[in-house]
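**Q** Sequences listed follow chains A and B, in order.
Under the numbering used here, the first sequence has 503 at position 498, and the numbering climbs by one with no breaks.
Under the numbering used here, the second sequence has 744 at position 739, and the numbering climbs by one with no breaks.
None of these hints come from the bench; they were simulated from the model.
Careful: at least some of the hints might be erroneous.
The calculated lysine to aspartate or glutamate pairs, modelled on DMTMM-like cross-linking and capped at a C-alpha distance of 25 Å, are [to be verified]: (1) A:313 x A:682; (2) B:313 x A:669; (3) B:217 x A:674; (4) B:217 x A:671; (5) B:217 x A:669; (6) B:40 x B:343; (7) A:217 x B:674.
There are 2 protein chains.
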Amino acid sequence: MKVGGLLTSAGINIGLCVLFLSLYSILRKQPQNVKVYFGRRIAEENNRLRDAFILERFVPSPSWIVKSLRCTEDEILATAGLDAVVFNRIMVFSVRIFSLAAILCVFGVLPLNYFGQNMDHVRIPSASLETFTIGNVQERSRWLWVHCLVLYIISTVACVLLYLEYKHIARLRLLHISRSSSNPSHFTVLVRGIPKSRTESFSRTVESFFTKYHASTYLSHQVAYKVGKVQKIVSGAKKVYRKFKHFKGTTVDQRCRPITFQCCFCGASSNSFQLLPSDFEQESETPVNGSSLSLPDEECGSAFVFFKTRYAALVVAQILQTSNPMRWVTSLAPERDDIYWSNLWLPYKQLWIRHTATLLGSIVFMFLFLIPVTFIQGLTQLEQLQQRLPFLRGILKKKYMTQLITGYLPSVILQIFLYTVPPTMMLFSTLEGPISHSERKKSACCKVLYFTIWNVFFVNVLSGSAISQVIALSSPRDIPMQLAKAVPVQATFFTTYVLTSGWASLSSELMQLFGLTWIFIRRYLLRMKEDSDLLYSFPYHTEVPKVLLFGLLGFTCSVLAPMILPFLVLYFCLGYVIYRNQFLNVYCTKYDTGGLYWPIAHNTTIFSLILTQVICVGVFGLKKSPVAAGFTVPLIIFTLLFNQYCRKRHLPLFKTFPAQNLIDMDKEDQQSGGTEDLHQRLHSAYFQFPDTDDIPLEGVHTAGRHEDGSGTSGESSREENTADEPKSDLSHPALDGLPVSRLRNAVISLGSIWRPQKRELPL
Amino acid sequence: MKVGGLLTSAGINIGLCVLFLSLYSILRKQPQNVKVYFGRRIAEENNRLRDAFILERFVPSPSWIVKSLRCTEDEILATAGLDAVVFNRIMVFSVRIFSLAAILCVFGVLPLNYFGQNMDHVRIPSASLETFTIGNVQERSRWLWVHCLVLYIISTVACVLLYLEYKHIARLRLLHISRSSSNPSHFTVLVRGIPKSRTESFSRTVESFFTKYHASTYLSHQVAYKVGKVQKIVSGAKKVYRKFKHFKGTTVDQRCRPITFQCCFCGASSNSFQLLPSDFEQESETPVNGSSLSLPDEECGSAFVFFKTRYAALVVAQILQTSNPMRWVTSLAPERDDIYWSNLWLPYKQLWIRHTATLLGSIVFMFLFLIPVTFIQGLTQLEQLQQRLPFLRGILKKKYMTQLITGYLPSVILQIFLYTVPPTMMLFSTLEGPISHSERKKSACCKVLYFTIWNVFFVNVLSGSAISQVIALSSPRDIPMQLAKAVPVQATFFTTYVLTSGWASLSSELMQLFGLTWIFIRRYLLRMKEDSDLLYSFPYHTEVPKVLLFGLLGFTCSVLAPMILPFLVLYFCLGYVIYRNQFLNVYCTKYDTGGLYWPIAHNTTIFSLILTQVICVGVFGLKKSPVAAGFTVPLIIFTLLFNQYCRKRHLPLFKTFPAQNLIDMDKEDQQSGGTEDLHQRLHSAYFQFPDTDDIPLEGVHTAGRHEDGSGTSGESSREENTADEPKSDLSHPALDGLPVSRLRNAVISLGSIWRPQKRELPL
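Go ahead and model the full structure; you've got the sequences and the hints to work with.
**A** Shown next as structure tokens:
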């Protein structure tokens, strides 16, 4: 590729980007797109933009860029959570290190490469891009020490920046914990692998275990239930209600809405209750007397156990409980909204098999993916294509068809295949059995990351046919040499990859093409009412790997082929602005890992650095400069040592919480007298049924809370009530007017098998 | 090698073994060797065998074998600790699995190999050993499924046995914990990385931290001191005393001994106290008033913190304490005798560097070792030798010299080099900074194990020059094939290795050649009095790798070259008897890892199994039997899954203690009222100076205990004494007659800077 070609391509892509950004700044002002571009804010503020037609709406404006840049880190933390801040820090780190690298390499290394060999220099625009890579430097050149020095500077600065970011994020993580002082998940331990007893229910087993071994700190517990008959009825009712609501249109909608915000048990009758068969109440007496819907079958071997202090919960979560490590497995519970309920009742014993199986599965998938890649590479060679698919011969005689098929078809097919990767990895991660949405997404993020690095970087670098790649992999000692040969050559491809795939993905992220299209189809083709289903949480599992891949490309190409760096810096700057905007306006944070994406980013960056250094050793070796190669080796050791230090110094904070902070928080609570209040709220914090959709069944949830809250407060006044029967204290003032039997039936049938189990407090 | 040659070699080695065993059974009856062969029992029972000259002493007898076989596991556990039991179980496992393998392979596989190819079968004694390996089976032979089946049976039985052993040892480990109910180490947490404060001493910092964050369970603490001036004086005094004792002979010895068992402060004057300068007492006032020997400089950033219950100690040991993971690093303390004091004051921050550096160091050592190996391999080729060392030409003309140099010299040099390995690895492990002797030995064991497997197995299998080996290693995909080619060929070498190195090492272990020689030299050449320095603890770091290496050889050769198995079974049977005898009679158990050698043995066995299976896949591939190769692959996956299961099911028990057991023990203590007693003993449990040698300074130790015990009991009666000064409560009845000032000086100067810091108990 010539420089002219690259610049043309860059020009076109910049033009497209500017076009898309302008388009975005117009589209975002259109009222019909407000759900696409301001999903989070709509959900939060429940307001609507004005619907009037004014000219301002059709003039592009950079105001959103200014807003995005002005917003502080604290604002992002408050609106989008710690993970968003971590993502933002990854962008900041990338912008910083690649700006420095760009300056150093473009002004220091690039001229050396260009004037390295006494070749006939043509005019720059028509010079081959390869004259700008290290491939153009003479063997045994004295100037290779500049490359080595620049590599040293970049590595050192990257390490320093990484350290500072790690420190900053660790601090934020601690702050995040101490700020969310009323977070019930800090008091809650998820216990799995509860042994099945023939005589006792799970609930009794849990109670007797924790009263025996953690009597001083144990507060209460709540067994998780398998979604069985009742949940099916509930979800069936939900579906019917949804359809009902949709077909009746706005009238039903408006009639229903006020009712849904009232407690269903406070006397108000709603549509949803009419959906339940009237004989359901009579039937529901049966399970309480214990026969068909016998609880131990429906319970699963896991429970939420609440403790009096955060520290006590942490201790129980971290300590091996019994001599069988597969039983009474404890871990800090995820937050209520983060729990992935359908994995909660997987037997703990299965999990290691699932882990191993999905690991094997994703490795197999990674390698199977080579097959379409090879096939596509075959497509670019016209002769092969004609041989394989003879019927195409007629079509391929036309020139524009040839161009289309060889030029666009391969990349389109590749892109389609690539789009299947994140959902597949997400599926693998789901099968793995994580108990929280955030864990699932994090696990998928790692899988996609490995996949991307393998399939975009290594397969392209070690290109050729798929089989020759596997052979190349089988001789690790030759890999530095092979990489050293291949990376400068492939740098052109990577540069165009940044220009096209990188910038295009940013534009499409900003434009929310999928959302726009979907809204268009719904409104003008299907003629459906808009609903609020467009609220997504940020797709970390696709965006983090993307950004880290570009970081990898940047590091590996930096010294060897510096032409990529300016484009990369532009990508990161643009990404910085766009992603901030998206966090503020589009995505809704439903769950948070608490900054656990940072160790992934850190490890990947260290990997990129070491890969770069190894490749440089190989390149210096190829250039017969043993001094430069020798000087680079200590850098590898230094980078590894730095990583080891970070693992010791910061990583533990991302695996657990420090006792000191939790104890301090506990003490503060005690001094402010907020403990009792917190404990009462705990009982209802992990209510399992139903989800917090805005449909009338919400009422059951509230009723459950009422029942529970009253149960707790009522308990202190009636200690003699030590019966084993499910508690049905319904002393809440709002419920006073209702007959207890009806309430009880309603709670049992809908709120279902959930019964809060409370421990008798010792007096 | 021919079968006849092998049988001759076996005959000679068996004869030698019988000779050595008989010799041992005579030598052990000689009174002058009693310290060599009954070191442990002498140390324990303080008795001497009769010195009379009777004929029985010179008749070999198998009584020791019977005794060794009759002794139960409980006896071994009681006399030699859990590690010895683990070692014994490794032997039992090996005997079982290789007996089965020997039966299966000798009767099932061996005939198939022998009749595999239509070659001219000569008479068996002169048949080449290679006709018994799988190399003799025809390509595409239908009988390869027998090999595959036998491999399946061996792998499955090995896994089942491994599982049972793991379970058994895990149970023993728990039993070991619950039996040692008064073990102070269960109540003690070793805290490292205590932050240095300008205003407070370490002791005050520790106290304020634990009173703040673990007030309800914290009992007291004891800061570890750097061995400074005082310790030098103490060890100097020890040395002088030792020499003094040696030169004065028995008279001084007998005069001293009774005194040493009395408390030095009870009025009895001993020799040792005369060694102290008389003006020492006056000098020793100075440090207390705080100047030259100012405490904060001598203290190191680590302390033993005592807790009220075992569970509390476990919790503090497991939880991350503060937001800086390099500070307030807690771990359960090793037992008093196990502590490696000189590593205790290494700054915790250094440890990760030390770990990485020693890791790198041992890898470099492993590869550097190839140089002498290559050199020695060169020695076996006479022409090369003559070329390199021309002056040898004259000598080499004589035939017996040639045989000597080519036959024995290489193995002698190799053995000498091999003898340097365990001390070197021990040195590396010491530099790594472990805080206990057992940890150090375990770490050395792992290093020696990797070294042995690499240098004996892989280097021999992939033999040739050292450089070609490294190249062979660099292409992992070819390794199964290379191994498949090499292992059957090298099986002959391994068989003779078992015969010579294995059996010889057992004989030399039994004979205690080093001890015998040393005693002979001492008595008849140096004419020194015997002393009790011959008490060694069992060298797990050399014996465990040896046994595991033979296991590896057995598994890898089993199906491919079954001739090795009968010899191996004999080795393990003999080893079983001999090691049991050694545990019972010779070695003294000073410290114990609590069964932590088992996971090492388990992992190595799994590694051996998988290596065997991979090699078999290679061999089946070479024999062009894709069915057999294909059937072996699931076996590899099954073995990996089994290992994963064991890691989940049993390994956690070897990393921590289960809360349930500790809480049960705590409750038992409370119910039996033994808690107070235990707490009082805790204060003196980790007394730092001096060691428990049987020299007069023992007295100081006792005094320290007295002082401390009285301090604790006295404290409850005098709560108003909250002064910051070092406590010198000397209300023990035995000390009543002495002037306090003298006692105080003595304690300060000798027992030195150790001051028990007790917490004021809240009333």
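**Q** Against which earlier hints does the structure fall short, listed by number upward?
**A** Those not satisfied: there are none.
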